[in-house]
Amino acid sequence: MKKVLNSTDQVVEEMLDGFVTAHADSVKRIPDTTVIARKDAPVSGKVGLVSGGGSGHEPAHGGYVGKGMLDAAVVGEVFTSPTPDQVLEGIKATDSGSGVLLIIKNYTGDVMNFDMAAELAEAEGITVEKVIVNDDVAVEDSTFTTGRRGIAGTVFVHKIAGAIAESGASLAEVKAAAEKVIKNVRSMGVALESCTVPAAGKPSFTLKEDEVEIGIGIHGEPGIERVPLQSANEITSTLVAKILADIDYTNSEVAVLVNGMGATPEMELFIVHRQVAKMLGEKGINIYKTWVGEYMTSLEMTGFSISLLKLDDQLKEALDGQSDAIAFRL
Amino acid sequence: MKKVLNSTDQVVEEMLDGFVTAHADSVKRIPDTTVIARKDAPVSGKVGLVSGGGSGHEPAHGGYVGKGMLDAAVVGEVFTSPTPDQVLEGIKATDSGSGVLLIIKNYTGDVMNFDMAAELAEAEGITVEKVIVNDDVAVEDSTFTTGRRGIAGTVFVHKIAGAIAESGASLAEVKAAAEKVIKNVRSMGVALESCTVPAAGKPSFTLKEDEVEIGIGIHGEPGIERVPLQSANEITSTLVAKILADIDYTNSEVAVLVNGMGATPEMELFIVHRQVAKMLGEKGINIYKTWVGEYMTSLEMTGFSISLLKLDDQLKEALDGQSDAIAFRL
Amino acid sequence: MIILTVEQTIQWMKEIHKRMEVNKEQLTTLDQAIGDGDHGINMERGFAEVVDKINNTDYDTVADVLKSAAMTLTAKVGGASGPLYGTAFLKMATALQDKEVNQQNFKVAIDEALEGIKMRGKAEFGEKTMYDVWYQAAAFLDSEKVEDWQELIEACQATIEDTRALIATKGRASYLKERAIGHVDPGSMSSFYMFEALVSVLELEV
Amino acid sequence: MIILTVEQTIQWMKEIHKRMEVNKEQLTTLDQAIGDGDHGINMERGFAEVVDKINNTDYDTVADVLKSAAMTLTAKVGGASGPLYGTAFLKMATALQDKEVNQQNFKVAIDEALEGIKMRGKAEFGEKTMYDVWYQAAAFLDSEKVEDWQELIEACQATIEDTRALIATKGRASYLKERAIGHVDPGSMSSFYMFEALVSVLELEV
Ligand SMILES: Nc1ncnc2c1ncn2[C@@H]1O[C@H](COP(=O)(O)OP(=O)(O)O)[C@@H](O)[C@H]1O
Ligand SMILES: Nc1ncnc2c1ncn2[C@@H]1O[C@H](COP(=O)(O)OP(=O)(O)O)[C@@H](O)[C@H]1O
Ligand SMILES: [Mg+2]
Ligand SMILES: [Mg+2]
Ligand SMILES: [Mg+2]
Ligand SMILES: [Mg+2]
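Chains as they are written, first to last, in the UniProt record's numbering: chain F, 1 to 330; chain R, 1 to 330; chain L, 1 to 206; chain U, 1 to 206.
I should point out that these hints are in silico values taken from the structure, not numbers from a laboratory.
Take the hints with a grain of salt, since some may be wrong.
Said to hold, decoys possible - Computed list of lysine-lysine pairs in DSBU-like fashion (alpha-carbon distance at most 35 Å, straight line):
1) R:K130 to F:K3
2) F:K3 to U:K24
3) R:K2 to U:K122
4) U:K24 to F:K208
5) F:K242 to R:K28
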């Protein structure tokens, strides 16, 4: 393992320290917690938006804290959901009396820890609502199982719920908008190489020189299928086809997110986007706006994910709203 | 070599295509060239700013095209300076009659190709000025040799010259501001793992499991020294000490750029920034603003660079100016 | 007859930590195969915190020790296993509140822990999770009076082996469908170490 | 006596391309050691374009062929080698304009090419660049009348070996200081192939 670290059990602490030092003009760390909050949190009269998860997904989630997006991000150990008490601190730091919405990615750990935090917050008299993002079409959506995972499409939930909250909407309205995004966003990813969790010291999985893993999650979990390395166009087609098969995008306008998993050169992401745009064009799906870059990473994993969000007028307006978040300026 | 590509000799073409497709609202590609220009170029009454270089440094340089930064970026093959005719197209696309400033990184190839383009442009009656960025303190500054390289500090030149140009300044004034930045910016980088040029198909260099290369350039050129892998704090200290030894930053305010080379997790960059901030604090150097992320990459190289820009009031104001560039929104 | 004293309970936590330390890499490797590769790290970190907490606290009852462990696991582990084990130990603590720990009460406590995991994780038996091991442990305690605690270890051991053959329908391993077959569930393994640690202190002369 | 016809000049370019193709990886490997690892790629791409251009054009003079090559290299290669070789061939073309290519005129043309590289690259002899090879080639042509063109190849070959021992003070290799010692300069190597290709066509029966 070759990493720029001081000590494997201090990575989160030191990252948070470096992060708030770098961005002290817009964010703050709630003392003795792993919570990054807007500098002006709680914002009076505004619904608080709290998300988070394990670390290792940078710029998620601290990079999405700022006016127009999240009020707080709660950070756990690498790839490990934060604990209920930390999430509770995030909730308390952002509640201005208008209630708090938790944006949770659908992983057992995240759901349980955020649930427990919500219970604790309710016990303290804070109104909390939750939405659970499950955009990953690689995983089957079934009520008998854990259901689909939440991956990069979550960024759109942050952005749109953030804009709606900024407009002064009520907790119920912000939640409804977030759920509309969740209903309309689908994603899927692929890995060419694994990442290495610092404390584990060895790669999470191993692929052969000519193999890729289709349908990976964002924690180095294995995907659904190993296939031979194909051309950029072929891999992209596989992912896009799977996404398009899941909900009907016909004649719609979409936002596109081509997300690098950590080590993929941006050059390759643009080559992927080229094919995404081509396929959508052929299907008569109109691209409203595109983001290409690293938005929800898995440490230094090589690979990418594609997310498509089906838009309506409300979502478009919210997507265009101003954002001061460090990793999503608009 | 495991990459998301269709064909190694189409990478630049397909990347450019994907790039303009993704960002068609703000940039355009000059037809049949490798020039990315502001959609509204040439901007009447404004000095044109043209930079560029080989590709593989994404988001440099296309990501810095936009209001408040570059008017055009001219892209070459991977790690290979663009040719004079392409640079000439960039100049022609951005000259509104107020002249064009070329921002060149100090590499023999870049300097020669941009020089030839400037001669061709002058022959066509366009006033062209040039500045040469040489921020890399890993390389000795000597008039007998090629001199220091231009690396990530170039982004500050784009930003500040861009803001000055946007304010309606003359070519001479924009050039003077760019030169002031060049005089006051220093950088240095380190690699943990090499990158692989697609057409080469194998890594540019090989490091042992416990070795890092100090003082690398941005094209996979070897650095100045191989040393054992050290802690984040130690590596950072080495780089910062070298930078601070080069010009006197005492009692000054600085802008900091911690730049990932392509595959380094952002988490690690923040751990580096933590130490940068600590060292500067101890020396009484005040950080005015910080950027942490990928700004001048070398494909999927693992490693990072640190840049420090010494600021005065003019530079601060220009640094704060609005920018619509995709990779440097402000 | 009291089967577990305060001293033994403290020792139980220390024995768990010892096992998590020794088997950290094994648990992480199991989790790399069908999860996200942090289970050993999570468990070792969590029980190190538990031991730390316990070393700095005085306890009057077994329930208090278990409650300390529960709170610490919940607050320090995160992930799926943090809330699940936190809940399990909290439910045990509640069940044993103001009670001496004889076999009957302990059996009830394990039943409660089992219910806690089920409630928190919405797991059923046979979904290839830690629930399977707790389920077997509870079933074992239901069977008459225990003569030889080693048999508890064997029951748990068998369950672990059973998880190997299963498709998972809860937790991260569920994403893998058929590909999870052939791999032991990491949470079942760490639960096994907990019961193994328990038996090692139950058999202690105190 | 005419030593180079239009046909031979066209063949010269094709022979260069052939060598760049065959030695693409070698040149790239040399450039990986002390540069940025693209020299073979640049050269192969550039001369492929030259051959393409030449195949689609009719030429009356040697100068015209060389000018085509120069323009193509300048417009298609980029990097350091593009402008340098572009300039070299352009200077040769200019020197041979309206002249037949006898040994005397060819010698002058190589001198001009040498001056062009020097002007463009600000290089001197002994800086571990392609200039070294052109310098030796020019020096060789200065020495009386050439009897055996193989000697030109030998002169260039020796220079390449000489670059191995040098510290570079121009180009990317200069960043490496002492670490460049022991490595052949990639541009010198590609220049060697150009002269090797030249000799192969000079000795052609036409
Ligand atoms: N819904 C659930 N019910 C019961 N146990 C579960 C559930 N989900 C996961 N687990 C258990 O948790 C273990 C994983 O723990 P850990 O790796 O620490 O958390 P995470 O999956 O968040 O990384 C699994 O091996 C499984 O035994
Ligand atoms: N200033 C210079 N003068 C003469 N030759 C040079 C100079 N700089 C570089 N070269 C030659 O160019 C070669 C490198 O070419 P190439 O790899 O194609 O370009 P780049 O260095 O831009 O990647 C070097 O090996 C050297 O022979
Ligand atoms: Mg985890
Ligand atoms: Mg090059
Ligand atoms: Mg896990
Ligand atoms: Mg080169």
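Hint by hint, here is what the structure shows:
For the suggested pair K130 (chain R) and K3 (chain F), the alpha carbons sit about 39 Å apart, so the restraint of at most 35 Å is broken. This hinted pair checks out: K3 (chain F) and K24 (chain U) have alpha carbons roughly 34 Å apart, not beyond 35 Å. Taken as a hint, the K2 (chain R) and K122 (chain U) pair is broken in the structure, with Cα atoms around 39 Å apart against an allowance of 35 Å. Taken as a hint, the K24 (chain U) and K208 (chain F) pair is honoured in the structure, with Cα atoms around 28 Å apart against an allowance of 35 Å.
Pair hint K242 (chain F) plus K28 (chain R) holds up; C-alpha atoms about 31 Å apart against a cutoff of 35 Å.
The structure shown violates the earlier hints numbered 1 and 3.
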